[in-house]
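S.K.: Single-letter residue listing:
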Amino acid sequence: MRIVVLLKPVPDPGEERLGADGRLDRSVSPVINGNDEYVLEAALKLVEAGGGEITLLSMAPAGVTDPIRKALAMGATRAVLVSDPALAGACTWTTVQVLAAALRTLEFDLVVAGIDTSDGGGGVVAAGIATLLELPYLSNARRIEPFEGGVRVERLSPAGHDLLEASLPAIVSGTQLLGEPRYPSLRGIMGARSKEIAVRTLADIGLADRPVGGAHATTAMLDARPPASRGSTRVVRDLEPAAAAAAIVDFLVERRAL
Amino acid sequence: MGGIWVVGEVDASGALTKLSAEAATAARALGEAGHLDVTGLIVAAEPDRAAASLATFLPVVLAVRAPEAMDCPAAAVVAARVAALAGAAEQPPAWFVLGASPDGRDLAGVLSALLEIGVLVGATGLAWGDAADGVPAGPRVEMQPFGGRLLTTSGFTGDRGIILLRPNMVAAEPLAAPGRVEERSVEAVTDPPAVRVVERVAAEAAGPSIEEARVIVSGGRGVGGPEGFAGLRELAGLLGGAVGATRAAVDAGWIDYATQIGQTGKTVKPAIYLAFGVSGAIQHKVGMQTAETIVAVNRDPDAPIGEFADLFLIADLATVVPALIAALRARTG
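Sequence order for the protein chains is A and B. Per our numbering, the very first residue in the first sequence carries number 1; after that it's consecutive. Per our numbering, the very first residue in the second sequence carries number 1; after that it's consecutive.
Since the hints were derived computationally from the structure, they do not count as laboratory data. Here a beta-carbon is modelled for each residue, glycine too, at the ideal position from N, C-alpha and C. A portion of the hints provided could be inaccurate.
To be verified - Pairwise CB distance ranges (calculated):
(1) A:Ala228 - B:Glu199: 44 to 52 Å
(2) A:Arg182 - B:Glu90: 54 to 62 Å
(3) B:Arg49 - A:Gly191: 51 to 59 Å
(4) B:Ala137 - A:Arg182: 49 to 57 Å
All chains, please: the whole structure from these sequences, using the hints.
M.R.: Laid out in structure tokens, this is it:
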């Protein structure tokens, strides 16, 4: 099976900051977006079990390749990085169009993506891509199981889960329940050095004259400020259990929470 | 100028979700501030009940019967009908306000691509802004990115857009008198999605959703095992809240993933967050640090949660939890 993994390099959670231009500084300790690691692991297992290859597809600034190199070391076959100065400040609608256009240049049976991203992306991109490419979209997967010509997905629902089926090619977004991602082996790390990261510009994917990128962003951040400080912590220690419980109750009453 | 559309979400029983009522209330305030009409939409196999509920919050609700919603995931079905209605409307909608649930996110993604408009995800507040701040007059959307370490205000650069509102940001307030429901019939703009629901499986005991709970009693590695969560469930019951967990507790198999709070789980903003045996690692912190009041019980005086909790008890939760249950029982009699 030919699988494309949508992989987003994000700043390490907790380290995010705005750059001088007021945009998210994407050069700060980039890592693989947490939920993307789970779908990558699921893709690796599918290929190990049934054969095939994995192409990573990312949209990121040209210098942000460490997370992609790590995913190659985990076992992906190759990577395509869409990178163009015009994409700085892109909105989600641009991201949808860019990744859809890049997918049109690739051959695949299945596309997998993390259910959301830790840097503020809200988990709407995969659904948009599926719509533009007119592909079946199966979201919130906790299990992905291919069968002849199709894919079966257990989708988390508010009440439990739904069992979904679609023909291939299809797009699946997945969660942590797909399973713990592996660590790259030493051999994988060595091997990743010679794997290809093909860099594509907007022109390369046929979007040179389209209204995409930072200059055409549909949304704009107008103001950013730090939240109000939480105030100091009240520390209580060396109490008997009943006194500790009373301290909690008193505090909740004081905060008008009881 | 076009109005504001609120697309309501229907749960498995056919009822309107609480988050949809919150989105309707937020949209109504936005409409008043921007002098725009607000219209509700329900697209479902059986829309009547949810449409009547949504009409308690909005003056006009359009109900669309979509039989294919029985056998397909909701978002693509709903989006195709909503896009068709938008295309046919005398006054096409300018702004959509949706709940940021899993289905709401899917719907926003599909709708964004069908209508070619932008999305602002994870709104914690809405206001109306005039053109003075650099973008055209329209909604101003407050968000709390970076796990709440930043507060931002964003707007749309054009005259249309989709807003996804987080749960629990607005208290749902009905209208003084309910609005009216109008049935509409419209063909979908796209074929039904080629995704089939083979089976819908209900979990054994689905408690209240942690995203909507006012009180969360959460446990981490320090809880020690699945039996430790029994005490936390009892506490949550006494406080009218829900049980949450860290990834360590979920990975250990002590409790369900649906309860996981943090980077790859849910983001919550309850009034009270009681954390037992939770170290407060950054991956967890980003999902809960905007809780109004945080109380932490941990044996380790150096646990990071001690740096941002409002009350930090250095104590053994194994003895504190039963004592707290007893104290709460004594209060309620």
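S.K.: Now tell me if each hint is right for this structure.
M.R.: Hints, one by one, checked against the model:
1. A:Ala228 - B:Glu199: 44 to 52 Å: holds (47 Å)
2. A:Arg182 - B:Glu90: 54 to 62 Å: holds (56 Å)
3. B:Arg49 - A:Gly191: 51 to 59 Å: The hint (51 to 59 Å, Cβ to Cβ) holds, given that B:Arg49 and A:Gly191 are roughly 57 Å apart.
4. B:Ala137 - A:Arg182: 49 to 57 Å: Holds: the Cβ-Cβ distance is about 51 Å, inside 49 to 57 Å.
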